[in-house]
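Residue numbers (numbering that gives the first Met the number 0), protein chains in the order written: chain A, 0 to 152; chain B, 0 to 477.
Hint data in this document are derived by calculation from the structure and do not stem from the laboratory. Careful, some of the hints might be misleading.
Below, in silico cross-link-like pairs of lysine to aspartate or glutamate (DMTMM-like), each with a Cα-Cα straight-line distance of 20 angstroms or less [stated by the list, open to error]:
| id | chain 1 | residue 1 | chain 2 | residue 2 |
| --- | --- | --- | --- | --- |
| 1 | B | K326 | B | E278 |
| 2 | B | K75 | B | E91 |
| 3 | B | K143 | B | E128 |
| 4 | A | K128 | B | E349 |
| 5 | A | K55 | B | E349 |
| 6 | A | K128 | A | D44 |
| 7 | B | K341 | A | E111 |
| 8 | B | K338 | A | E120 |
| 9 | B | K341 | A | D117 |
| 10 | A | K128 | A | E111 |
| 11 | A | K25 | B | D347 |
| 12 | B | K341 | A | D77 |
| 13 | A | K12 | A | D77 |
| 14 | A | K25 | B | E349 |
| 15 | A | K12 | A | D68 |
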Amino acid sequence: MEMSYQLRTLRKKREVDSIIRDTIDKLLVLRFGRSSNPLCLQLDDILSKSAREVSKFATIALVDIDSEDIQVYVKYFDITLIPSTVFFFNAHHMKMDSGSADHTKWVGAFHEKQDFIDVVEAIYRGAMKGKLIVSCPLPPEQIPKFQLLYKDV
Amino acid sequence: MATLADSFLADLDELSDNEAELLDDNVDAENMEEDVDGDMADIETLNYDDLDSVSKLQTTQRYIDIIQKVEDALEKGSDMSNHGIVLEDDPEYQLIVDCNALSVDIENEIVIIHNFIRDKYRLKFPELESLVHHPIDYARVVKKIGNETDLTLVDLEGLLPSAIIMVVSVTASTTSGKPLPEEVLQKTIDACDRALALDSAKKKVLDFVESRMGYIAPNLSAIVGSAVAAKLMGTAGGLSALAKMPACNVQLLGAKKKNLAGFSTATSQFRVGYLEQTEVFQSTPPSLRMRACRLLAAKSTLVARVDSIRGDPTGKTGRTFREEVRKKIEKWQEPPPAKQPKPLPVPDSEPKKKRGGRRLRKMKERYAITDMRKLANRMQFGVPEESSLGYGMLGQAGSGKLRVSVAQSKLAAKVAKKFKEKYSGSSGVTSGLTSSLAFTPVQGIELSNPQAHANQLGSGTQSTYFSEIGTFSKIKRT
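Can you build the whole structure from these sequences, using the hints too?
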C-alpha cells in the first residue's frame, strides 16, 4: 500500500484503452478534465481523498483532455463540459440516471466525499446485478445542475 | 600443585623480613615464569599473610619489560613508518599483543590483591566490601579510612558517589569492626598502594594500546572509538580473543558490579560495560540506550573479526557499520507512521443477516405448547383442586367445551414421517437379503414384490394391533 494515493493521469489513448480493458470486477472512474480548472481541482481533491477508501471496488484515474492523443475519446464520450466523470465496469460503460439530461456521465464536482462514495457504491451494486443503468442515490439538491445553469447564463 | 605451594612457602620465608619494601624492583628470578593463573588457583590453599607471596606480577621480568617498552613507546610517540611489513612481524604489534595479555593479568592481579585487602580489612570494617564493590575504589577507600573510627573526619568526596558515601558513613557508625594492629594496617595500606600502582600501570598500557589502535584495529576503533576499542581488547585479552567472543559478552566487558543501595535496576545502566563510554551510546536518549548497546556490541564483534584477520586496513567497514548504527538509532526515534483509513468493504459482499424466517417459525410451531397442556396448567380461581393428579382445568365443568380436541401435532407428524422412512426402507433401495422369489408348496415358484407387501403392512401407527390390515398373530390358518 502506498502512503498516499496519487491519482494516475492518463494522456495517451493506449493508456485509456488498457485501463478500461484491464479493470476487472472493479468500477473504473475516469475523470475527464484539465487540472488548471478550479472545479476540476475540487473534484480531484474529493477523488484523491476517497481513492483509498473505495480501493477495494473502484479504480480512479484522471484523463487530461488537452492531450492530442485523447481527443478521440473526448469526441467519443461527447465531453463538452469539464469535469465530466465516466464510469465503466468490466469494460462496459455504466450509465446513471441523475435527473439531468445526460445519463452517460456525471458532469461537475461532488458536494462532498461521501456523495462520491455513495454514487460509486450504487453503480457497483447495479453492475454486480447486471444492470447497465442505475438511478442516482443522491438527493436532487446535491446534484449539480450544470446544463440549466449554463443555459441561463 | 605441591611444588607450587612449596615454592610459595619458600618465598614466604625469604621475604618475611622485608615486607616493608613492597613496590621496589626486587626481581624474583625463580618466580619469573610464574603464571598468574597459578596464583589464582592457590589463593584458597594459602593462608597468606604476606602480600608478596600472593601477588608477584609486578616483580616478573615480563611485567617490567613490557611496562618499560610501553613507556618508551609512549614517550617516542607514534611513528607509523612501518606500515608496509606484515603485521605479525611488526615488533610493535607483538608488544600490543603482549600488552593485551598483560592487562588481563593485571586485572587478575588486582582481584587477588583486592581479596588480600578485604581479608585484612574485614576485621576493621566488615560491611565495607558489600558497599564498595569495585576493587580500586575499595583500595582507595581503605587507604583513606585507615584506622579511623569516626568517618565524619574522613573526606571520601571524589572517591565514591555521594549516596554511597552517606551509606558508608552511616554503616561505619554502627560497625562491629575493631581497629587493626599497626603492623596489619601497614600491610593493608601497602597492598592498597600496590593495587593502585597496578591500576595506573594498566592505564598506561591501555593508553599505549589506544594510541596504536587505529593501526591494530582500524574498523573497531571506527565504531567505538580508539579508547573503548583498547579497553575492550585489553579486557578480552587481545583482538583474536575479542573476535572469538559472542556479542552479548562484548556488551558486558568492563561492566562494574554496582551497589544501588536499594534503588531499582530499571534506570541504572546496569549491564553495560565499556560500550557506555562510546560516543554513539552517549548521544542516544536513555530509553534507547540498552538497544543501542546491543547493536553496538553486535557490530563491534563483527568488525573485531574483520580486524583480527586484517580484512580491511582502511577502516571502511567500521565506518560503514557506524553509519548504519547511527541511522538505525535515528530511525528508532522517528514517530510511527500515521494510521491510514481502512478501505471500505465491497458493497453487498456479505450476505444479509436473517432474523428467523420460515424454518424458524415452523420449528417454533412444532414445539409450541398445546391447548390441553395449557388447560392442565391452569387453575380456577378460589376453587381447590379436587384430585392430586394435577389436571388443572382439563375436563372441568363450566369450561364450555365438552371435549378438548387434540389438534394434529406437527411434531408428531414429523416423527411419524421419520419413523416411516426408517422402517419402510427409504428411496427404493432394498436389502440384499430380500428376494422376490417365494416358494410355496402348492404353486411352486411365485413372484411377488416384497416392497409392495411392506407398504401394505404399513409402518408407524398403521402396523399396530388395531390397524386394518393387521391379522391375529396367534390364530392363523394353514
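Against the structure, the hints come out as follows:
The suggested pairing of K326 of chain B with E278 of chain B holds, with an alpha-carbon distance near 14 angstroms, which does not exceed 20 angstroms. For a cut-off of 20 angstroms, the pair hint linking K75 of chain B to E91 of chain B stands: about 12 angstroms separates their Cα positions. The suggested pairing of K143 of chain B with E128 of chain B holds, with an alpha-carbon distance near 15 angstroms, which does not exceed 20 angstroms. With a CA separation close to 15 angstroms, the supplied pair K128 of chain A and E349 of chain B stays within the 20 angstroms bound.
Distance check on the hinted pair: K55 of chain A and E349 of chain B sit about 14 angstroms apart at the alpha-carbon level, within 20 angstroms; holds. For the hint pairing K128 of chain A with D44 of chain A, the CA-to-CA distance comes to about 30 angstroms; that exceeds 20 angstroms, so the pair is violated. Restraint check for K341 of chain B and E111 of chain A: the C-alpha separation of about 19 angstroms stays at or below 20 angstroms, so the hint holds. Restraint check for K338 of chain B and E120 of chain A: the C-alpha separation of about 24 angstroms exceeds 20 angstroms, so the hint is violated.
Under the criterion of a C-alpha separation no larger than 20 angstroms, the hint pairing K341 of chain B with D117 of chain A is consistent with the structure, at around 17 angstroms. Distance restraint check for K128 of chain A and E111 of chain A: the Cα-Cα separation of roughly 27 angstroms exceeds the 20 angstroms cut-off, and the hinted pair is therefore not satisfied. For the suggested pair K25 of chain A and D347 of chain B, the alpha carbons sit about 13 angstroms apart, so the restraint of at most 20 angstroms is met. Restraint check for K341 of chain B and D77 of chain A: the C-alpha separation of about 36 angstroms exceeds 20 angstroms, so the hint is violated.
With a CA separation close to 16 angstroms, the supplied pair K12 of chain A and D77 of chain A stays within the 20 angstroms bound. Straight-line distance between C-alpha atoms of K25 of chain A and E349 of chain B comes to about 17 angstroms, which keeps the hinted pair within the 20 angstroms bound. Only pairs whose Cα atoms come within 20 angstroms are accepted, and K12 of chain A paired with D68 of chain A is accepted, the gap being roughly 6 angstroms.
Of the numbered hints listed earlier, those contradicted by the structure are 6, 8, 10, 12.
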